[in-house]
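Participant: Protein chains in written order, with UniProt numbering: chain Z, 1 to 246; chain W, 1 to 318.
A couple of the hints might just be wrong.
[Unchecked claim] Cβ-Cβ distance ranges computed for the label pairs, FRET-style:
1) Z:E138 to W:P23: 44 to 52 angstroms
2) W:V101 to Z:E138: 45 to 53 angstroms
3) Z:G42 to W:I116: 33 to 41 angstroms
Since the hints were derived computationally from the structure, they do not count as laboratory data.
Note that the Cβ used here is the ideal one computed from N, Cα and C, for glycine as well.
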Amino acid sequence: MSAPPVLEVRGLTKRFRGLVALDGVDFAVPEGAICGLIGPNGAGKSTLFNLVTGFLPPSEGEIRFRGAPVTGWSPQQAGRSGIARAFQIARPFPGLTVRQNVRIGALFGRSGPRDVEGATDSALALLGIEDLADRPAEGLTVGHLRRLEVARALAARPLLLLADEPCAGLNPAETDAMIAALRRIRDGGVTIWLVEHDMRAVMGVCDRILVIAAGRAIAEGTPGEVAADPAVIAAYLGAAEESRGA
Amino acid sequence: MTIRIAAVLLLFAALAAAPAFVPPFEVRVLSLFCFWGALSLAWSILGGFAGYWSFGHTVFIGVGAFVPGLIVARLLDGGGAELMPLMVLAGGLVSAAFAAVIAWPLLRLRGIYFAIAMLGVAQVTGELSAAIEWIGGGIGLSLPDAAPAALAPEAFYHYVFVGLLALTVGVAAWVRGARFGQGLLAIREDEDTARMLAVPTEGYKIAALVLSAFLTGLLGATYGFSLGYITTDSVFRTDFSLNMIVHALLGGIGTVAGPLLGAAVMVVLTQVVLGEMLNLHLFATGALVVAMVLLAPQGLLGLWRRRARRGADGRPRP
Numbered sequence: 001m002s003a004p005p006v007l008e009v010r011g012l013t014k015r016f017r018g019l020v021a022l023d024g025v026d027f028a029v030p031e032g033a034i035c036g037l038i039g040p041n042g043a044g045k046s047t048l049f050n051l052v053t054g055f056l057p058p059s060e061g062e063i064r065f066r067g068a069p070v071t072g073w074s075p076q077q078a079g080r081s082g083i084a085r086a087f088q089i090a091r092p093f094p095g096l097t098v099r100q101n102v103r104i105g106a107l108f109g110r111s112g113p114r115d116v117e118g119a120t121d122s123a124l125a126l127l128g129i130e131d132l133a134d135r136p137a138e139g140l141t142v143g144h145l146r147r148l149e150v151a152r153a154l155a156a157r158p159l160l161l162l163a164d165e166p167c168a169g170l171n172p173a174e175t176d177a178m179i180a181a182l183r184r185i186r187d188g189g190v191t192i193w194l195v196e197h198d199m200r201a202v203m204g205v206c207d208r209i210l211v212i213a214a215g216r217a218i219a220e221g222t223p224g225e226v227a228a229d230p231a232v233i234a235a236y237l238g239a240a241e242e243s244r245g246a
Numbered sequence: 001m002t003i004r005i006a007a008v009l010l011l012f013a014a015l016a017a018a019p020a021f022v023p024p025f026e027v028r029v030l031s032l033f034c035f036w037g038a039l040s041l042a043w044s045i046l047g048g049f050a051g052y053w054s055f056g057h058t059v060f061i062g063v064g065a066f067v068p069g070l071i072v073a074r075l076l077d078g079g080g081a082e083l084m085p086l087m088v089l090a091g092g093l094v095s096a097a098f099a100a101v102i103a104w105p106l107l108r109l110r111g112i113y114f115a116i117a118m119l120g121v122a123q124v125t126g127e128l129s130a131a132i133e134w135i136g137g138g139i140g141l142s143l144p145d146a147a148p149a150a151l152a153p154e155a156f157y158h159y160v161f162v163g164l165l166a167l168t169v170g171v172a173a174w175v176r177g178a179r180f181g182q183g184l185l186a187i188r189e190d191e192d193t194a195r196m197l198a199v200p201t202e203g204y205k206i207a208a209l210v211l212s213a214f215l216t217g218l219l220g221a222t223y224g225f226s227l228g229y230i231t232t233d234s235v236f237r238t239d240f241s242l243n244m245i246v247h248a249l250l251g252g253i254g255t256v257a258g259p260l261l262g263a264a265v266m267v268v269l270t271q272v273v274l275g276e277m278l279n280l281h282l283f284a285t286g287a288l289v290v291a292m293v294l295l296a297p298q299g300l301l302g303l304w305r306r307r308a309r310r311g312a313d314g315r316p317r318p
C-alpha cells in the first residue's frame, strides 16, 4: 500500500472559454493495474488523456506521476518519463514501414536509444504483427493499424500506457486478441489505463473503472460496482447504446 | 551497403579526376552538378527529411556569399585570397547563426506557411543587402581570385565543389541513419504524434534548419569566390530557391541519392541538351516539373523503386 499510484489526478479541471470540459476529477491508477475510463461521447475522456500527457495545460488541479507533481509538463516530458499513448484514431507515420514506426517509438522512449532493435522486435511480437514489419503503414487494415499503434507506444518501454479505444472498429475475434495483448503487456509490468466503448472489453479486463459524464466523475470502482451504480446506468449505459453506431 | 559505398567512392574519384581528363566545358558541367547536388541535398535536410519546405533557401547562399565579400571589401582592402577557406567557413557559420535567429519564430509555422515565410525572409534580406550602403549589394562587391597559381580557376573551384558535395553527402547520410534523422522523419510524417513519442521536435527542427543553412552558406561563399564579383541579384535569386526544390522533387524527396539524381538530370538537361536554346530552357524546365509532379510524385527514385507509397513524399501540409 505504501507505493504511490503510477498516476494520480486531483481536482483536475479544464475550461475552454466558457465550456467546462472537465470538472474536478479525482482518480488514481495503481501500479500493475488495468484501469478503465468510460463515459458517453463528449464526456471529457480525451480531454483527460490530453491533460495527463501534456497536450493541454489544466485550468486547475494537480497531476502526479509516480508520486511527483508533473502538472503542466510537455508531451515530450511525459513520453520520456514513461507515459505512452495509443490514439483513438490510429496515427501511424503513413510513409514509413511498420518496423520503422515501432522503431521510432523505441528510439525516443523512456530508456533512450538503448537496445532499440530488441524493444522493436519484442513490441512487434507481443502484438503479433512481426510478419507485417516491412509493409508500409499506409494501407493496413483497421485491426492491424490498432495493433501497430499499441506496438509503437509499447516500444518506448512505458510505465503507463494510455490506450484510447484500442478496440474501436475491431471485430469480436480482433477485440479478443487485443484484450489478450493488453493483458500480456500488463503482465510485462506496464500499467494500463484505457478508454473503451466496448463494454464487454472494459468489464472483462479492468481492475478499476472511472466513469465520467459531462466532465464530472460520477462513479468509480470495480467493474461490478460500476455496472450496478444507478447513476452510471442512467448517464452512461443508455447513451452508450445510442452512440454505438457512431 | 558495401556496394553503395563503393559506388559513392567511385563517383567521387571520377569527379575528382575529371579536370585531368575531360575538356573544360565538361568540367564546368560537372562542377555545376556538384554545386546543385550539394545545395539540393542541404535543402533536403530540412525539406526532405523534416518536411519543412523552404521556398527561400537562397537567403543562405546570399548571406554565405556576402560574408566573404564584406570581409574582403571592409577588412582586407580587396586582398586576402589566401584566407579563402576561413572566409568560406565564416560564410557558413554566419548563415547558420542567421538561421538560428529566424528559426524560433519561423519554425512555429507549419507547412505552406513556413514555405511562404522563408520566401519573405529571402526577399527582405535581399532587398536590405541592396539598400544598405555599407553592405553594398546594389553596386556589388569584388572577391579575389583564390585559385593557386598552379591550377586553372575552373579546376580549382571544381575541386572545392567536389569537396563540399562530399561533405554534404556525408552529413546527409549520417543524419538519415541517426536517431536525429529518424526524429525528423517522424516530424515530417506527423508532428503531433512525434511530440507524443518524445521526439524533441522543436530542437530537432532548429538543428535541421541550422545545419542546412550552414552547408548552404559554405556553398554560397564558394560560389561567390567562383563568380569573383557578387551583387544582390547574383546571389539572392528566387530561381536558386526553386531549383533546390525542383531537384529534390525530381530525384526523390527524403532520400540522399534523390536530390543528386535530380541535380544531375537538370544540369545535363539545361547545360547540355538545351544549352543552345536559351529561350526554350525555362519553358522545358517548367514543363518537366509539371510532368514530374503529375506522373511521378515520388521522383525518379520512387519511380525506379516502384514501391509507391502514396502521400509519403513530405508534401507540406497546410
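Participant: Going back to the hint list, which numbers does this structure go against?
Facilitator: 2
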